[in-house]
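Chemist: Those protein sequence lines, which keep their order, are chains U and F. Take 1 as the starting number for the first sequence in our numbering and just add one per residue. Take 1001 as the starting number for the second sequence in our numbering and just add one per residue.
It should be emphasised that the hints constitute simulated quantities derived from the structure, not laboratory data. Quick caveat: nothing in here was measured; it's all calculated off a predicted structure. All the given hints hold, so there is nothing to weed out.
Each computed DSS-like pair below joins lysine-lysine, with the alpha-carbon atoms no more than 30 Å apart:
{"#": "1", "chain 1": "U", "residue 1": "Lys168", "chain 2": "F", "residue 2": "Lys1021"}
{"#": "2", "chain 1": "F", "residue 1": "Lys1006", "chain 2": "U", "residue 2": "Lys21"}
{"#": "3", "chain 1": "U", "residue 1": "Lys21", "chain 2": "F", "residue 2": "Lys1160"}
{"#": "4", "chain 1": "F", "residue 1": "Lys1167", "chain 2": "F", "residue 2": "Lys1229"}
{"#": "5", "chain 1": "F", "residue 1": "Lys1006", "chain 2": "U", "residue 2": "Lys52"}
{"#": "6", "chain 1": "F", "residue 1": "Lys1042", "chain 2": "U", "residue 2": "Lys21"}
{"#": "7", "chain 1": "F", "residue 1": "Lys1052", "chain 2": "U", "residue 2": "Lys6"}
2 protein chains.
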Amino acid sequence: MKSNRKTFGIIIIGNEILSGKTLDTNSHLICTELHNIGLVCKEIVTIPDIEKIISEKVNLFRQKFDFVFTTGGIGPTHDDKTSNAIAIAFGDLLTLNKEAKKRLEKHYSDDLLTNARLKMAYVPSRAKLIDNPVSIAPGFFIENVFVFPGVPKILEVMFKDILKKFKKNKKKFIKKIITTTLSEGIIGEYLADVQKKYSDLEIGSYPYFKKNTFGVSLVIIGETSKRVKEVCDLLISYLEKNNGNPRLF
Amino acid sequence: MKSNRKTFGIIIIGNEILSGKTLDTNSHLICTELHNIGLVCKEIVTIPDIEKIISEKVNLFRQKFDFVFTTGGIGPTHDDKTSNAIAIAFGDLLTLNKEAKKRLEKHYSDDLLTNARLKMAYVPSRAKLIDNPVSIAPGFFIENVFVFPGVPKILEVMFKDILKKFKKNKKKFIKKIITTTLSEGIIGEYLADVQKKYSDLEIGSYPYFKKNTFGVSLVIIGETSKRVKEVCDLLISYLEKNNGNPRLF
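Let the sequences and hints guide you as you build the complete structure.
Modeler: Shown next as structure tokens:
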């Protein structure tokens, strides 16, 4: 699909995902929310807690995509390497952020603000903080890279706050769904023809199974209602002719 | 962690994951099962249904890792591009696999074996089939690259069959878990010291919240019981001294 839509990539950082200990749901949240306002996710990658791997991937992604989101690796322990990796990627240094320190001091009494916790107040010198109303230790962003913690409940609150900024520059796009009781094997060739003719649109085809029925959801995405409607009309007329019981959503 | 353990990477193919329509759980299944028999996942990547992107990523991964698993994109529609992308990656050609065709002919009556469905019998000429007892259309492998469909219920059956081959060459490793009621912020510095001293082991630290309690799970992984026991003894003694109520699993 040719498009002017802004792109993004997601970097999930954490051995716990790679070992199967934890199911990553953060990328799904970020993709869903940004897709809804017209951004396109080009790549999601999960990598281990290794500084060099993180900084190389951040440098690759920030050049390839308009925005980059990272999750994980900004906590207080030895396996939290993201902040320093981001500093390295930008040729920057970790420095004690006074505002972050102040917030942590307010949250933890003196004896609980350990060196390990204070580590969370060190961010790259050029970074700007992202508020964390749940566990206080902030995320941050630097240029087009947004750095979030990995705990889903905390990420969710912080991400939805950042999302407001993106919504301001929202680019509209049109999405329609057609369901049919015909299977992909039956309609596949026709769909391929339509996709070829309408290369400016994205036509996705997803089989579904629920209760005792099955069928296919066709998802049509484009930048103008006119083009999307043209394709929907074509598909519905084809499906009706072939007893495919099309329904438009 | 320095290791002789075999490595693998996973390539998840499909716009439906990148748009947030579908939550990927396939990589979690593969990681869990292979971690349990001692393999190490180095990278998971999710990419769109674009032939060039798929073949480039397959070529990168198959050189970097011992094994590569792909999911998605081998169905009957125009957005299923994986098989051809794999052929391109290996400098091979898609050819009609007689055995795959025979299975599809048996499964579908003549009028239902459409051209779109027959597309699923085309695999790279050097590929070997992976049986699909659910929906018949096979997966395949070529050298160290294993190609699976994206529908989780089908992938699960097919993957567990392949898993048997890996279990035969299983390399043992030792894993222990210690839980404590002390938080990461308290034990972080000590943990970092221990990790530095025991660089041949992997010490992971994962906060948990359940019901009204919280704490940390420490996961210690190594290749000999002796080394893992040494670290466990150290950590337990430290946690006991600091009223961290350690429990070993």
